[in-house]
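Undergrad: Protein chains in written order, with our numbering: chain P, 37 to 541; chain V, 2 to 304.
Simulated from the structure, these hints should not be mistaken for laboratory data. Treat each hint with caution, since some may be false.
Quick list of in silico lysine to aspartate or glutamate cross-link-like pairs, DMTMM-like style, CA-CA up to 20 Å [said to hold, decoys possible]: (1) P:Lys-367 - P:Asp-355; (2) V:Lys-122 - P:Glu-527; (3) V:Lys-122 - P:Glu-526; (4) P:Lys-353 - P:Asp-456; (5) P:Lys-367 - P:Asp-448; (6) P:Lys-170 - P:Glu-156.
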Amino acid sequence: MIAFLRNTWRGLTSMRTALTLLFLLALAAMPGALLPQLSLNRAKVDEYVAEKGWWGELLLKLGFFEVYATPWFAAIYLLLFTSLVGCLLPRTWEYFKQMRAKPVLTPRNLSRMPHHAQAELDVTPDEALGKAKKVLRGWRMDSGEGTVSAERGFLRETGNLVFHFALLGLLVSFALGKMFNYEGQIIVQANGGQFCNGGIFNYDQFRPGLQVDGTDLTPFCVEIGKFSAEYLENGQPVGFQADIRYQSGGDLASNTWKPYTLQVNHPLRTEGDRVYLLGHGYTPTFTVTFPNGEKRTQGIQWLPADQLTLASEGATKFDPPGITDSETRRKNQIAVTGLLAPTPLLHGGILNSKFPALDNPMVAVDVYRGDLGVDDGRGQSIFSIDQKMVEQGRLAKVARKNLALGEEIALDDGTKVRFDSVNDWVSLQVSHDPTQIYVLAFAILIILGLGVSLTVKRRRVWVRATRLEDGRTLVEVGGLARTDQAGYGEEFTRLARAVLNEEKS
Amino acid sequence: MPVDETLATYSDWLYRSALGVYLFAILLYAVEQAFARAPRKELVGAGGPDVLTDEPKAELSRAERIGRMGAAMTVLGAVLHLGSLVMRGLSAGRAPWGNMYEYMSLLCLAAVVTWIVLMVKFPIRRLGAFVLPPILILLFLGGTVLYAESAPVQPALRSYWLVIHVSVISISSGVLLIPGVTSILYLLKDSKPDRFPKLPSADVLDRMSYRTTVLAFPLFTAGIICGAIWAEAAWGRFWGWDPKETVAFVSWVVYAAYLHARATAGWRGRGAAWINIAGFALNVFNLFFINLVTTGLHSYAGL
Numbered sequence: 037m038i039a040f041l042r043n044t045w046r047g048l049t050s051m052r053t054a055l056t057l058l059f060l061l062a063l064a065a066m067p068g069a070l071l072p073q074l075s076l077n078r079a080k081v082d083e084y085v086a087e088k089g090w091w092g093e094l095l096l097k098l099g100f101f102e103v104y105a106t107p108w109f110a111a112i113y114l115l116l117f118t119s120l121v122g123c124l125l126p127r128t129w130e131y132f133k134q135m136r137a138k139p140v141l142t143p144r145n146l147s148r149m150p151h152h153a154q155a156e157l158d159v160t161p162d163e164a165l166g167k168a169k170k171v172l173r174g175w176r177m178d179s180g181e182g183t184v185s186a187e188r189g190f191l192r193e194t195g196n197l198v199f200h201f202a203l204l205g206l207l208v209s210f211a212l213g214k215m216f217n218y219e220g221q222i223i224v225q226a227n228g229g230q231f232c233n234g235g236i237f238n239y240d241q242f243r244p245g246l247q248v249d250g251t252d253l254t255p256f257c258v259e260i261g262k263f264s265a266e267y268l269e270n271g272q273p274v275g276f277q278a279d280i281r282y283q284s285g286g287d288l289a290s291n292t293w294k295p296y297t298l299q300v301n302h303p304l305r306t307e308g309d310r311v312y313l314l315g316h317g318y319t320p321t322f323t324v325t326f327p328n329g330e331k332r333t334q335g336i337q338w339l340p341a342d343q344l345t346l347a348s349e350g351a352t353k354f355d356p357p358g359i360t361d362s363e364t365r366r367k368n369q370i371a372v373t374g375l376l377a378p379t380p381l382l383h384g385g386i387l388n389s390k391f392p393a394l395d396n397p398m399v400a401v402d403v404y405r406g407d408l409g410v411d412d413g414r415g416q417s418i419f420s421i422d423q424k425m426v427e428q429g430r431l432a433k434v435a436r437k438n439l440a441l442g443e444e445i446a447l448d449d450g451t452k453v454r455f456d457s458v459n460d461w462v463s464l465q466v467s468h469d470p471t472q473i474y475v476l477a478f479a480i481l482i483i484l485g486l487g488v489s490l491t492v493k494r495r496r497v498w499v500r501a502t503r504l505e506d507g508r509t510l511v512e513v514g515g516l517a518r519t520d521q522a523g524y525g526e527e528f529t530r531l532a533r534a535v536l537n538e539e540k541s
Numbered sequence: 002m003p004v005d006e007t008l009a010t011y012s013d014w015l016y017r018s019a020l021g022v023y024l025f026a027i028l029l030y031a032v033e034q035a036f037a038r039a040p041r042k043e044l045v046g047a048g049g050p051d052v053l054t055d056e057p058k059a060e061l062s063r064a065e066r067i068g069r070m071g072a073a074m075t076v077l078g079a080v081l082h083l084g085s086l087v088m089r090g091l092s093a094g095r096a097p098w099g100n101m102y103e104y105m106s107l108l109c110l111a112a113v114v115t116w117i118v119l120m121v122k123f124p125i126r127r128l129g130a131f132v133l134p135p136i137l138i139l140l141f142l143g144g145t146v147l148y149a150e151s152a153p154v155q156p157a158l159r160s161y162w163l164v165i166h167v168s169v170i171s172i173s174s175g176v177l178l179i180p181g182v183t184s185i186l187y188l189l190k191d192s193k194p195d196r197f198p199k200l201p202s203a204d205v206l207d208r209m210s211y212r213t214t215v216l217a218f219p220l221f222t223a224g225i226i227c228g229a230i231w232a233e234a235a236w237g238r239f240w241g242w243d244p245k246e247t248v249a250f251v252s253w254v255v256y257a258a259y260l261h262a263r264a265t266a267g268w269r270g271r272g273a274a275w276i277n278i279a280g281f282a283l284n285v286f287n288l289f290f291i292n293l294v295t296t297g298l299h300s301y302a303g304l
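Isolated chain P (complex conformation) (with noise of 0.2 Å):
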């Protein structure tokens, strides 16, 4: 029983297990840049899965939609991880028992070390030995019977070990974050729009560690202000920035405002959490005049269909106003959809967009009218309208018109659609991983480790001696290179030539 575990844990820990364990992560990790991933984009997952079947089902089943929380990536990842502690804990002990070791003795035959070199010369061979650990000197050097031996280079195993230490740590700080991390993406108007990380609900999306259930969130606010952002003249934009006001900490208790330029590559960080700008978007708002001549104003962000010239598309929808009858409300709700177009191109009457920035905006607006669905509990997407209700008869366009700004749409019973402004939001995200700040040490110290590892070379070199019956001395160089010979050739002559010279230095 012992010596199958012995066994096991000999085979685990071999090299030849951690190379195949190697390819296995490698082989592993690719369907995560082939296929769609569920943490990447949901919608595409399902649009291939559907795409290819029963095939798309299997895949799905077996978690190559969501490659790095599988169980056998884990598993191989675990294993990788065990294998890596099982060599690295003889290597560290090992490593300190070098650390007090003496170079090794001098070797009977010198020349059949991979580096030698000899000479007589006119001095005596304690002169000799003299000169060759002035040679010598910064190397780790022992003296025998007319001889010294000397080693150098221990720094690349420390570099090795640091490397595989820093390494197993960057895994487990990447793990804690997995626990204690969150994510969340919010829509917030710009010139006013505030967002308060109070709790989940507050966010449109939000992706919780294993430990976060969203009670404890990090308190802050922001608020936006002025969006600007700058294109060239195809379009393409140059830069992005919102000025916020923000607080954290013992300003929520004052009620104080810190001001921010929040721009792409340049997030708030505060308290440990960070604020992104990730896009922007417009929000046009619209005025509808019942045929009670009540009016209800609102503005909804509606989402760019074309990333080039923002032309965006949306449903603003309203309840009509003073109507105690649920079921007649319910019937005469309104829908503005359509198209707006920041800068419009008008083409035979049809709407695009042929810049992103505003400039006298225009909508192509299609006004519904009758049951939205909305009440009826299931949730749906505040840029359409229900197509089903449609479909059923139970929603209806009633009027369609291009509107710049200030227009107006009248529908057949009197009701006024008004086009009044436009306004920017932009996307936030926030982010939470207390952990990062280890990884990024850990990371730099496996450069570190790296660095001193590939480029010290342990390596020995040997002097022996001998006085010769003529009086003169034959001094002998051996040199050894422990982990790889190449480069250490250079270096030797240049030993060799140093303790060989017959000059006094």
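Following the hints, position chain V against chain P.
TA: Showing chain V alone in chain P's frame:
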């Protein structure tokens, strides 16, 4: 920020000249490879000196003179190539690696410079006939299919991390191209030494591959880490399994496997060479497939 059209045009001219000069260099190398004698003796064994002395100090043969011209042409091409990149950067007023064309140009320059350094260190000059063609193909594809006008980059790329992350990744990928090619040559030489008498010994090829990989691997690692730092500032997380990140991770693992394989009995030599080639193939895959076919956050490479 307006684009300086004149400089952009000069940059394009230099690019084309560099391509022409590289092509000429390949022809010269090929002539040397075809007509030179096979090296008689090779003093390189395990732990032998790095300098190989296969030619006695007699006067140079005609083939060797032509090979030397090839090397000189390579250096000239690299100078023109560098000039093209510098002009590109000046014309657009930013680091000249903001789209795929520029990225590949820098990658190839790194590969050519690595090759020049190797030519100085190892007696392998005429292998240029094998090493330069893949570089030339990449440059040709970059200059035609993937060509992009000199222009400013989008907001997400406006960061000093563009300068650091993209250049480090591009240069390390360029350096890694060389061991990819020499590993293929290694496999050829190792399997049929007699059929390829003019290739250097398998040992030299293996050591060239190893030393270049060892140089590029920490650089590649640093490039990925810089990318993670930038991703944290730009996208809200330092690692998100974006397709490009994933393939970079996979090729990192493969190169790590290469380094381990070289220290594992039974994997040294041919096994390691295959792994190195796999790493190179993954880099090419990451460059073309991931940029052109899949959509991910790295997709703005500019096409």
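Undergrad: Does each hint fit the structure? Answer for all of them.
TA: Tested hints:
The hinted pair formed by Lys-367 of chain P and Asp-355 of chain P meets the criterion: a straight-line CA distance of about 10 Å does not exceed 20 Å. Straight-line distance between C-alpha atoms of Lys-122 of chain V and Glu-527 of chain P comes to about 15 Å, which keeps the hinted pair within the 20 Å bound. Using a Cα cut-off of 20 Å, the hinted pair Lys-122 of chain V and Glu-526 of chain P holds, with the two alpha carbons roughly 12 Å apart. At roughly 15 Å between alpha-carbon atoms, Lys-353 of chain P and Asp-456 of chain P fall within 20 Å of each other, so this suggested pair holds.
Among the hinted pairs, Lys-367 of chain P with Asp-448 of chain P is consistent with the structure: their alpha-carbon atoms are about 15 Å apart, no more than 20 Å. For the hint linking Lys-170 of chain P to Glu-156 of chain P, the alpha-carbon distance of about 19 Å falls within 20 Å, and the restraint holds.
Taken one by one, the earlier hints all hold for this structure without exception.
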